[in-house]
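Each protein sequence line maps, in turn, to chains A and B.
In terms of the working numbering, the first sequence is residues 1 to 500.
In terms of the working numbering, the second sequence is residues 1 to 333.
Think of the hints as simulated: they come from the structure by calculation, not from any bench.
Nothing here was measured: the structure is a model prediction, and the numbers come from that model.
Misleading hints may appear alongside valid ones.
With a cut-off of at most 20 angstroms between alpha-carbon atoms, the simulated SDA-like pairs for lysine to any residue come out as follows [unchecked claim]:
id: 1; chain 1: B; residue 1: 130; chain 2: A; residue 2: 486
id: 2; chain 1: B; residue 1: 299; chain 2: B; residue 2: 229
id: 3; chain 1: B; residue 1: 229; chain 2: A; residue 2: 87
id: 4; chain 1: A; residue 1: 49; chain 2: B; residue 2: 237
id: 5; chain 1: B; residue 1: 292; chain 2: B; residue 2: 307
id: 6; chain 1: B; residue 1: 253; chain 2: B; residue 2: 95
id: 7; chain 1: B; residue 1: 151; chain 2: A; residue 2: 63
id: 8; chain 1: A; residue 1: 87; chain 2: A; residue 2: 138
id: 9; chain 1: A; residue 1: 87; chain 2: B; residue 2: 75
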Amino acid sequence: MRPFRTALRAAVIPAALIASASFMRADPSDQQEIQSLRDQLQALSQQVKVLARQIEIKEEAAAAAPPTTPTITVNDKGLNVTSADGKSTFHLGGLVQFDSREYFGDSGTLATPGVTNNTFILRRARINADGTFNSIYSFQLVTEFGGGSLASTSGGNASNASAVSILDANLNIAPTKELQFKFGKFKSPVGLEFLQADSALLFVERSLVNNLVPQRDLGAQAWGVIDNGVLTYSVGLYGGVADLANTANVDFDNDKDGIVRVFAQPFVNDKDSALQGLGFGVSADVGRQKGVTPASTTTTYGVAQDAGLTAGYKTDGQQTFFKYGTAVQDGAVYRISPQAYYYNGPFSLLSEYVVSTVNVRNQALLANPPTKPSVELKNTAWEVQGGYVLTGENSTFGGVTPAEPFNWQKGTWGAWQVVARYAEQSIDKSAFPTFAATTTNAQAASAFGLGLNWYLSGSVRVATDYFQTSFTLPPGVASSATEILNHDEKALITRFQVSF
Amino acid sequence: MKKIKPFLLAALALALTAGASAKTIELLNVSYDPTRELYADFNKAFAAYWKAKTGDDVTIKQSHGGSGKQARAVIDGLQADVVTLALAADVDALHNVARLIPADWQKRLPNNAAPYTSTIVFLVRKGNPKGIKDWDDLVKPGVGVVVSNPKTSGGARWSYLAAWGYAQRKTGSVDKAREFVTALYHNVPVLDSGARGATTTFVQREIGDALLTWENEAYLALKEFGADKFEIVVPSVSILAEPTVSVVDKVAKKRGTEEVAKAYLDYLYSDEGQEIAARNFYRPRNPQVAAKYAANFAKLDLFTIDEVFGGWTKAQKTHFADGGVFDEIYLKK
Numbered sequence: 001m002r003p004f005r006t007a008l009r010a011a012v013i014p015a016a017l018i019a020s021a022s023f024m025r026a027d028p029s030d031q032q033e034i035q036s037l038r039d040q041l042q043a044l045s046q047q048v049k050v051l052a053r054q055i056e057i058k059e060e061a062a063a064a065a066p067p068t069t070p071t072i073t074v075n076d077k078g079l080n081v082t083s084a085d086g087k088s089t090f091h092l093g094g095l096v097q098f099d100s101r102e103y104f105g106d107s108g109t110l111a112t113p114g115v116t117n118n119t120f121i122l123r124r125a126r127i128n129a130d131g132t133f134n135s136i137y138s139f140q141l142v143t144e145f146g147g148g149s150l151a152s153t154s155g156g157n158a159s160n161a162s163a164v165s166i167l168d169a170n171l172n173i174a175p176t177k178e179l180q181f182k183f184g185k186f187k188s189p190v191g192l193e194f195l196q197a198d199s200a201l202l203f204v205e206r207s208l209v210n211n212l213v214p215q216r217d218l219g220a221q222a223w224g225v226i227d228n229g230v231l232t233y234s235v236g237l238y239g240g241v242a243d244l245a246n247t248a249n250v251d252f253d254n255d256k257d258g259i260v261r262v263f264a265q266p267f268v269n270d271k272d273s274a275l276q277g278l279g280f281g282v283s284a285d286v287g288r289q290k291g292v293t294p295a296s297t298t299t300t301y302g303v304a305q306d307a308g309l310t311a312g313y314k315t316d317g318q319q320t321f322f323k324y325g326t327a328v329q330d331g332a333v334y335r336i337s338p339q340a341y342y343y344n345g346p347f348s349l350l351s352e353y354v355v356s357t358v359n360v361r362n363q364a365l366l367a368n369p370p371t372k373p374s375v376e377l378k379n380t381a382w383e384v385q386g387g388y389v390l391t392g393e394n395s396t397f398g399g400v401t402p403a404e405p406f407n408w409q410k411g412t413w414g415a416w417q418v419v420a421r422y423a424e425q426s427i428d429k430s431a432f433p434t435f436a437a438t439t440t441n442a443q444a445a446s447a448f449g450l451g452l453n454w455y456l457s458g459s460v461r462v463a464t465d466y467f468q469t470s471f472t473l474p475p476g477v478a479s480s481a482t483e484i485l486n487h488d489e490k491a492l493i494t495r496f497q498v499s500f
Numbered sequence: 001m002k003k004i005k006p007f008l009l010a011a012l013a014l015a016l017t018a019g020a021s022a023k024t025i026e027l028l029n030v031s032y033d034p035t036r037e038l039y040a041d042f043n044k045a046f047a048a049y050w051k052a053k054t055g056d057d058v059t060i061k062q063s064h065g066g067s068g069k070q071a072r073a074v075i076d077g078l079q080a081d082v083v084t085l086a087l088a089a090d091v092d093a094l095h096n097v098a099r100l101i102p103a104d105w106q107k108r109l110p111n112n113a114a115p116y117t118s119t120i121v122f123l124v125r126k127g128n129p130k131g132i133k134d135w136d137d138l139v140k141p142g143v144g145v146v147v148s149n150p151k152t153s154g155g156a157r158w159s160y161l162a163a164w165g166y167a168q169r170k171t172g173s174v175d176k177a178r179e180f181v182t183a184l185y186h187n188v189p190v191l192d193s194g195a196r197g198a199t200t201t202f203v204q205r206e207i208g209d210a211l212l213t214w215e216n217e218a219y220l221a222l223k224e225f226g227a228d229k230f231e232i233v234v235p236s237v238s239i240l241a242e243p244t245v246s247v248v249d250k251v252a253k254k255r256g257t258e259e260v261a262k263a264y265l266d267y268l269y270s271d272e273g274q275e276i277a278a279r280n281f282y283r284p285r286n287p288q289v290a291a292k293y294a295a296n297f298a299k300l301d302l303f304t305i306d307e308v309f310g311g312w313t314k315a316q317k318t319h320f321a322d323g324g325v326f327d328e329i330y331l332k333k
């Protein structure tokens with residue numbers, strides 16, 4: 001190696017000396033040209049550096065710039081679009097419920113009042129759209145395309161068969177989580193089970209308690225969630241609807257309902273507490289309503305008004321067991337409902353009690369002045385229901401999500417839940433016979449239900465429920481002209497549901 | 001021993017109580033680009049001062065970037081307890097756009113809320129191969145000038161106004177000043193978003209022949225990269241740059257940091273604060289400290305923004321607003 005370096009040095013040094021000597025001896029014009037080339041080279045080098053730096057600055061600016069591309073996801077929670085800054089979202093979802101209803105121990109034909117044949121029904125078919133803009137403003141729009149019902153009149157959870165309706169249409173403004181404002185059509189915050197999403201119920205149908213609570217109404221509400229749900233409150237003014245009724249999307253009268261609800265979950269922030277899933281509260285509804293018989297929408301004042309009294313109370317099998325006769329609502333309305341739930345892992349329990357007080361007048365139309373006295377009727381209902389997820393997943397007010405979706409190839413079976421319920425409803429005896437016929441109505445009903453839910457995935461569920469409802473006829477009535485009231489209703493309802 | 005024991009117990013109790021009640025406070029100081037070293041030193045000193053005074057631990061988090069960009073970040077929601085920006089117009093924006101501070105914010109601290117000053121000088125390669133001695137040399141053909149973007153950088157706006165002010169005072173003509181600045185920006189190959197980025201371009205990417213920058217940034221570059229590679233050229237005249245500071249009232253109130261945020265900025269005016277500024281090549285306001293460090297700062301003719309441009313509001317609107325003179329000059333380039 002050493003002789004090579006020595007030889008290299010011996011060759012390079014003289015060559016360099018000769019080259020510089022040659023440059024020194026070079027023609028001045030050559031020197032100028034060489035210098036010019038050097039300058040050009042330097043200028044080019046600077047240009048390259050400038051271009052590289054410009055790219056670098058652009059890349060730094062792009063990395064530092066806030067993102068502009070929205071995030072789009074499609075999964076079992078629907079289509080979700082979130083803006084790049086996270087302040088605006090849009091969600092498109094849906095709910096389809098297809099039911100099979102079988103009734104046991106009934107007899108007769110369609111011509112025999114109250115006897116129902118087994119049936120298939122598209123119980124609900126909805127498109128849900130909701131979203132948030134600028135973090136503060138949110139909207140909800142729910143359209144019902146299904147809702148087939150055995151009932152021939154509106155009211156309750158079902159609308160007329162094949163009638164398309166707007167279920168929810170509202171705007172929420174949330175300056176803070178603790179104080180928000182909602183306007184439009186939305187669920188009246190009275191019944192606890194009613195406030196639960198239709199897709200998350202333990203049973204395919206809500207209990208007898210739901211007969212006494214208002215459903216969806218037009219209103220303006222202030223509400224808030226304090227400390228992550230330790231306390232939730234709402235106070236609002238609503239158009240006022242009858243028991244088990246939905247608003248007709250217009251409330252053209254001076255009579256309104258005020259509804260207040262407070263609900264506490266004192267241990268919700270304590271992850272180690274066995275009571276973390278305990279919630280309890282009370283709702284109160286006070287109002288004044290003048291109504292007309294369901295068949296008419298005008299009064300002697302010549303002004304269109306709300307339908308007044310409930311269109312009828314329904315069994316778990318969705319058959320009507322009580323309906324007012326010739327009567328209108330005229331006077332104060334009171335409802336109060338203490339309510340509670342408890343969730344702990346796979347276990348769930350929910351209970352509520354409702355008193356619904358109405359003032360009723362035995363008249364076909366609301367004459368001015370009325371010629372018959374109004375009577376206060378107090379109707380009550382209560383329920384307790386519970387469930388247990390056999391596969392161990394958590395049960396929540398929002399439903400059950402299986403740890404693994406059903407996939408027979410992988411050997412995973414989704415989540416399985418058993419449920420049970422007992423409920424009673426009692427109609428004020430003073431309703432008979434003035435306001436409701438004794439021969440065609442029940443005075444009370446009690447029902448139990450047993451069921452099995454199979455959650456195939458976060459969005460697909462199959463449920464089978466057995467309901468048995470017993471009836472108490474009005475005093476002095478041995479047999480009802482409404483055939484279904486003369487024996488227990490025994491209904492088996494199976495539901496296939498997809499919700500996202 | 002009997003007498004000492006109760007005393008010791010009481011002292012222990014007091015110490016434990018004091019320790020138990022000592023708070024941990026965090027502040028965010030949103031600052032402009034070249035102040036990293038200044039606030040690294042200052043924050044350490046303030047934390048020690050505050051601990052000694054109150055027993056509380058205060059941690060100051062820093063955010064640095066072009067002054068205009070930083071102001072916009074705070075307006076858009078960056079939770080700054082204090083801002084220490086390059087110029088009053090950027091701090092003004094916190095009031096004008098978002099009402100984060102009161103309109104009279106500048107009156108709350110001495111010297112119009114500017115605890116130190118600086119100016120604009122040139123940093124050139126060692127040996128000054130292009131012979132740059134003053135502003136006129138920057139507009140000669142073949143001279144590459146590196147400066148940051150006036151739309152985002154406070155230092156760049158001071159540089160622009162320094163060049164304009166030089167030309168306007170020399171020629172007595174606004175049109176000629178515009179021509180001069182146009183020629184200057186014709187020689188600018190790259191615009192960084194902040195002063196520190198411009199330093200990177202000149203020093204590390206070896207682009208250009210002269211860097212127009214803050215005086216303190218130029219001295220820091222010499223210190224960090226070597227006085228054997230660069231030298232500072234002090235022009236005949238430059239602008240008195242007054243970086244301003246303010247508590248961001250809305251944020252400090254929400255976060256409960258008003259007291260410590262105010263104390264933080266007050267401390268910039270203290271003897272120690274002024275010494276730290278001077279050691280980091282910012283011209284201190286305190287006359288005694290200024291005299292002590294006078295030899296570190298070149299003497300040059302300095303004009304104020306009020307004298308030549310009628311104040312920041314006017315200068316910002318005329319030159320740096322969208323569609324202003326700078327946009328006209330640079331877009332035409």
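Hints versus structure:
| no. | hint | verdict |
| --- | --- | --- |
| 1 | 130(B) - 486(A) | violated (111 angstroms) |
| 2 | 299(B) - 229(B) | violated (23 angstroms) |
| 3 | 229(B) - 87(A) | violated (50 angstroms) |
| 4 | 49(A) - 237(B) | violated (31 angstroms) |
| 5 | 292(B) - 307(B) | violated (28 angstroms) |
| 6 | 253(B) - 95(B) | holds (15 angstroms) |
| 7 | 151(B) - 63(A) | holds (19 angstroms) |
| 8 | 87(A) - 138(A) | holds (11 angstroms) |
| 9 | 87(A) - 75(B) | holds (16 angstroms) |
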